[in-house]
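Novice: Residue strings, one per chain:
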Amino acid sequence: MTFEIPKTSYSGKIRETTLGTGDKTITIGGETAYPFHLFEGEMPHLPKIAMEVWDCSPEDWAEAALEPFTGVTDDPVAWAKKCIDDYGAEMIALQLISTDPNGLNRGADETAEVVKKVADAIDIPLIVWGTGNEDKDTEVLRKVAEVCQGKNLIIGPVEEGDHKRIGASAIGYNHTVIASTPIDINLAKQLNILLSNLGVPDERLLIDPTVSSIGYGIEYAYSVMERIRMAGLTQQDEKLQFPIICNIAKEVWKTKEVHLANNELNMGDAKKRGILMEAMTAMVLLLAGADVLIMRHPEAIKLVREMIAELTTTK
Amino acid sequence: MTKAAIDKKRKVHFDPDNVDIIVAQGENLLQAAIDAGAHINASCGGAGVCGTCKVLIKEGKVKSTRTEKLSAEEYKHGFRQACQSSIITDLTVSIPVESRLETAVLAREGKEMAAGVQQPETLATGWRFNPPLSKLFVELPPPTLEDNTSDLSRVLRGLKQQYNLDNISVDFGVIKKLAKVLRDGDWKVTITTLMTGTETQSDGEPRLTMINIEPGDTRGKYYSLAFDIGTTGVRAQLLDLKRGRVLAQGVDYNGQISYGADVITRIAYCQKRGGLQRLQKTVVTTMNGIIKELLTQAEVEMEDIGYVVVAGNTTMLQLFLGLEPKYLRLTPYTPVANFMPLVRANYLGLELGEHVYLYALPSVASYVGADIVSGILGTGVHQRKKLTLYVDIGTNGEIVIGNSDWMVTASCSAGPAFEGGGIKHGTIATDGAIEQFDINPSNFEPTISTIGDTKPKGICGSGLINIVAGLLEAGVISQNGKFNTDLHTKRVREGSDGYEYVLSWAPETQISKDIVITEVDIDNLIRAKAAMYAGCQTLIKSVGLTGNNLEQVIIAGAFGSSLDIEKSITIGLFPDIPRDRFIYIGNGSLLGARLTCFSTDMLDEGEKVARMMTNFELSENTTFMNNYIAALFLPHTNADEFPSVSKRLATGEKVN
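Chains as they are written, first to last, in our numbering: chain A, 6 to 320; chain B, 665 to 1320.
No false leads were mixed into what you were given.
Some residues of chain A that are not near chain B, with every Cβ distance over 10 Å (derived): (1) 6; (2) 46; (3) 49; (4) 50; (5) 61; (6) 76; (7) 109; (8) 113; (9) 118; (10) 122; (11) 138; (12) 174; (13) 179; (14) 267; (15) 268; (16) 315.
Capping the alpha-carbon separation at 35 Å, the derived lysine-lysine pairs in DSBU-like fashion look like this: (17) 1205/B with 12/A; (18) 121/A with 1146/B; (19) 1146/B with 255/A; (20) 1154/B with 148/A; (21) 121/A with 169/A; (22) 945/B with 840/B; (23) 1146/B with 148/A.
Everything labelled a hint here was simulated from the structure, so no lab data went into it. Just so it is clear, CB atoms sit at the ideal spot from N, CA and C, and this is done for glycine as well.
Just chain B, with the same shape it has in the complex:
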């Protein structure tokens, strides 16, 4: 391509977002969509291998390579992979429903929960409501010729006299506006102080910092934000620190999805020039969007927010903080820091007051992040003698076992199957995702229901678990996850990826294609669940226990409101122990971040939890590999480990 051609400007219009962008000819179409703010899935980060960024070119021309992810039929109708296309002429591009990011479901959390599941609010106990952020009102005597000490000394003296506070450090930002605020407020002012964590402080340093001063009495208005930065979704809550309440909550997709679905792809993206800065800005843009929405919802002024607490996996936190993530994925897997010093929120690009500090919950290791520390903190596992297994299910599964005396943790790479990744018709849990599944054991006809009760467009993680459990119980697949091809049903057939089961016929769907689950999909789910189960098993065994010793199992994860514990056990994801020991809490990470905003005790406890955890590296553990292979079976190679499931399967087989 000549220099002249590169310099030519082209206009691209995206539907249904209805946005335009002017870009140089030759620009990548996916990049143009991201820049324009049009939402396109791109699980592989633009490598061309996932096929999720499919778009329809309605007008204009692109230069595009066809990969096997597009059928000849689709190609003929004008479908292209955005990441494989460069812009030649002005374009009108339509983003089809299955390629769009939708936020509907992420927001669905907290509705009804599956059986045997209870609300987590009261799990952590013994904490007092004493937010690290506090506001103090002081009335000071105006200076006179007899008492002409400095403004700052006057404030500090007032704090000492009225609140018996000394040993407080002062931010320079306070000094800058001190003289004006004191006089504007007629020597009646409200001081905002922040209690910091102990871990990044040296001994004897004051823990209390004066971060803001305002004229008059503003004690009624102080708020903070709790964030969970997930690989897929970012969730936040706006908290009223005066009353100890959640005022509003919000959620959005992490904008970084367009650069890759999993942490490894994103770490790899950071190796490109400017990659880290770009990802940092992207997630901050997502967060600013949520903040704006929360402020509107709760009718709160931006200036009244004084504090932000953030949890998330180690990679997400490092990307958000702009820290080089490369060494997280290279052996021996070192994070930059487990305990992050406080950082100013607007230094990171968050649109908040200059005085606002951001606290990142501590992490344990490269793949054992602040999200799990936060979850443990939020559920009070570290407070009780009860032996607890805590499992955070996601692309990177994280596991903790322990109680108030000790805790061990491990992470295992389960792959994206639980979030619908690597599944032919997989989707993140959004409207139209098949969630519930039932099958008639005599004619093998399915009954499905979708999120939002719309026509189906794909299968989400919890749906996948329910489908595989159902197919196994009905004998449609055998214990190795392969289809029984002798059944009298047209739903089991041979497709382009081997045998498959048709969940919905094309006319019943949003995508006008048969929605199927293939043997490859089932294999991917079996691998994901095997990694999770083998991780739990290895960790349990390495501390000399068995599954039956577990008094409580807490499940957290990206499944939103629905996770069927019984079906999860049927496929061998969780140990086969009494169902009343299971608790499903949804997002554990946000829970701990919220409590940290509410309580300085929790701030200290969070650091204690992080120090308590001993990390086990499973990637080089031979027992783990052995357990993993044993778990690559439904429910498991050792039937004795799943007595209730095996019994049910055995009797089921007699019926058929």
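Isolated chain A (complex conformation):
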């Protein structure tokens, strides 16, 4: 008797979402099976990686992370271009670090100008990520949405407290929103319902489940993402059938481990350590169901791309 691999039967499908405008739009989602379960269903669009760009010069980055971007970290446009030209970025994620009220506290108008410059300079999809401060994000992201009308930016984080105002701008100026909730499937679903009620179209919504680095509680994020996928694919839960985006670079590169020097605490080569931590975090989250990853180090990205290719190439 021949052995048959037991198969999960699926009743749902993740929504397809098209990001960006023009010739270089990217479509994500569309899965009909668990991540990489190609023997059970389809994964029509492979997970995408967005390369991180900051809107101000980073001050506390590890040596290894700064090195690939020498000379461009004080100019977001040049930085984004370098990501595309030198490292083949598929998407750019602009982190609005300078708007943090506890930091530089840069204003909405000035920030929106910078975002506009970057958006105009590139032709691939652009993610714009605020600081998580609801009041400040409302002010900044609304302005960004207005100034960049028609660019189909991916705007986040949109949280329960600011979803109405940011959501309304995103609808008005045709952008995609990132619904961000703190590691809980119910809270994720509730925010999706609220955004739908507000009028955000189903194909303009991504879920940010809130993630962390390996070694910093990633199992919680993993388990929530896994459950979101199970609900969407096997329990016909329409309010959870959205692609998932994971903002991991910031998490990995702020850990103590990536900042230790070579061989400190017997932890080997600092550069290799940082790259591997980012790549491993990314892989874990891909297996949990991530559709878009925001990453930093080109070599980590390269490793992850190879893994994706290997997992999806039929021999």
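Model the placement of chain B on the given structure of chain A, informed by the hints.
Specialist: Positioned in the frame of chain A, the structure of chain B alone reads:
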């Protein structure tokens, strides 16, 4: 403060109670009010955080700390928190209407009921009218030199001959008056016997006890009392055991309210020196007051009452019985006893005859009390195959699922929102509490009605449910309970606690302040209903069922006569199943206590019910937490669980 100052006596006068009390200078004003018998709300037990004990100092001086519960305006006009004030000079104090306890509404029960609700009287079936307390008349031959056996042997022989009764135990109290009563009655006497529960008896012990003997034939006069000791209200009925009727019923606030609104605050109060004794005496005083009123109402003599049955949650019973309640709230949450032995009523301080025993219905666990056992007993859930969900809604929600074969139970801490606690303008269901609410979906103007049809002074639990359901359906709040601030109405505005909706403008109210419902209030209600619903859901799931399997849902609780089932489902408090499966019974606890007075069968059944119930501890259950978060949404995160509500909300939104 010097010793001399402490020794100084001060006179305090309280209005409108019109009572005076002499206390030492420096005494706490709230304590003085309690001692004087003036009724003041104090939900937090004097911690200064609830602001319900606000009083107006009309004359004299107090030393008082102003907390954020008093506005600067109020403070300027002489309002103080009684619990934060110590007495300096002689005082005249006025207790404003919103700080007073009023009993009007507690008594309103049993009027008309909301749609789809039926009277519970006939729910429990198959019980015979055979009260555990009975009276037997015997005529005895007087003793002679030939037959000079003892008085007691003569009585026992008479019982054996005339009623074929043996194996009866005798109380010492009977012996004490035996010789006199027999001779006063010319050897014609009435004997009172009591059948005891089986659970606290060892095998072979007689279950029948002779508790009283009276001269002559008094069989026409024997009565008992049924009590439900609630955290908020104490309710009682005087029962005629000869005729099987309720002669009178009474209700009063549990005097312990002044020491804290919820069980936890009261358990904490017991940790103070003399705290337990004080709370025990307080509730007994409340009960004695009710007994007096019942006796007057029914024109019954105190001596003719022979038996008392009491139900209540585990904490209330332990406080009433004077048992250390501390371990109820410490993990692993152990009660002193689930089955209480009989205790003499006057030993506890009840003003009743010396021979009167008190039976406390059994409980199941720390937070699954005799009140729910009593409710199950009274509604006969344990007698039928019909799968029933029984929910007792209150500060501590209690849930039972089962039928004649099995029963599981759980309790969940819903918080005081259902009784108006933790709500800015919340009040217990008394006169002036907003109960009904309707809203015009085009201009968002409300139509409200209050208990007693007076000017509004606050919002009670059922009113809160109706208001939130109405605001949700009209789109004034969204599914997360937050206000839609883009509406063209001046009723939605930003207040000191965030956004709020004005239910009544100041001139229309009793309290001369706008009565509002705030986002914080709505949040509190959502948490309370989420705890109840998640509790039900977790329990249903843990026995492998779904809401649709429920053939009957019995709702009991402190809402008095009115609970709108439809609106309760709209906010996601109860499962969205056909409305004709719901029955609202009001106070389930008193129902079972009454039946236990009427029937020895029910006494035995009560113990059977308590043994049948398996308790589920939800506090450490991870599924419960998950279900709880999912239920923190109106009506629920999973719209599929509320198909009829979701459909209505969806079509409603198109209208707006």
